[in-house]
Amino acid sequence: MSADMKQLSNKIQTTLAELNMYKTTQEVNINFVEESYNEKLQEIRELRKKLNADLDGLENSTLKELDEIRTALQTSLKKDIENCRLLKDKLQHLSEAVQSLCDKSKKDLEFIASRKCLDKIHEFESYLKENPVKVQSQIIFQANTDIVQYLTKQSCLGRTIKMNSDQVLTVKGKSEYNLKISSDTSHTCFFVGMCSLPSGHVILADRLNENVKLLDQHYNVSSHCEMSAAARDICKITSSEVAVSLCSGYVQFISVKKGQLLKGREFKVPHEAIGIAHHKGALYVTSGNALYHYTLTGTLIKKLYENIEYEYTGKWMVNIYE
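Its first residue numbered 895, the sequence shown is counted upward by one per residue in the working numbering.
Keep in mind that the hints were calculated from the coordinates and are not lab data. Here the structure is a predicted model, which means the values were calculated and not measured. Keep in mind that the hints are not guaranteed to be accurate.
[Said to hold, decoys possible] Below are the SDA-like pairs computed for lysine to any residue, each with C-alpha atoms no more than 20 Å apart in a straight line:
id : residue 1 : residue 2
1  : K1056     : V927
2  : K973      : D961
3  : K982      : F1018
4  : K944      : V1096
Whole structure, please, built from the sequences with the hints as guidance.
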């Protein structure tokens, strides 16, 4: 083969290799787009679920108020009916007694019966003055039109933005917040990881104070959860649950319910628990020089990578999306 043909052959092989690399990269990108889509779809459904729960709460409060008004009106009317029935029965008995006396000439009995009848009639008249016939009561519902008008003006539940993974981010400003709480044992905070939730809350893992803190939309500490050891990292599992790796070798799950942090299940790994990440139902934990694949229940699947040349090679060794 001539030198020119050999050079052409090498060029073709190089080009084919580049095409294969390009094809593989684009296939990976397709999978990444699909995973990103599914994740955001879940966030949208969680938001809708929360909105449904909030609307259910408003409906229940409104129905409770409606029931209370109906009960109050019916109780008053039923009381009037019962009092009227008692007076009617007593007066009916006296009327029958008067009728029986008409056939007998007993002046003393007639006087007593007359007085009792007049007393009952007077009692009824007094009751009517104190409790006049009520005009028919009607329950009126005044809808909160602000809610309907606000929802009508909205075109969607939120913005969906396309962003490239290699897009350069620019810092437009910064703010400082005091995130210390009264139970902190250290004078300072040392946050080793954070997670942002679709609700707008942020969860921070404070290593020095051995706790996890929940921030509201204004970055105020709204709840906290004490850990059994210092935290090393944190990752999001669902829209309302995170996992924290601890210096003790445990992985602690924490959920957010009604604005409060609640400890959930935990499991211990047979190595150091340093970095932690979640991807498509799989949990990845690093030991400093190795990467392990676990299930969410703590079952070890396999060791994915290890670098025995160095004691500590960093927090992450591989990209879990590739």
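To see whether the hints hold, each was checked on the structure:
1. K1056 to V927: Given pair K1056, V927 holds - Cα atoms ~10 Å apart, limit 20 Å.
2. K973 to D961: 18 Å, holds
3. K982 to F1018: Status holds; Cα separation ~9 Å.
4. K944 to V1096: The hint holds at about 17 Å.
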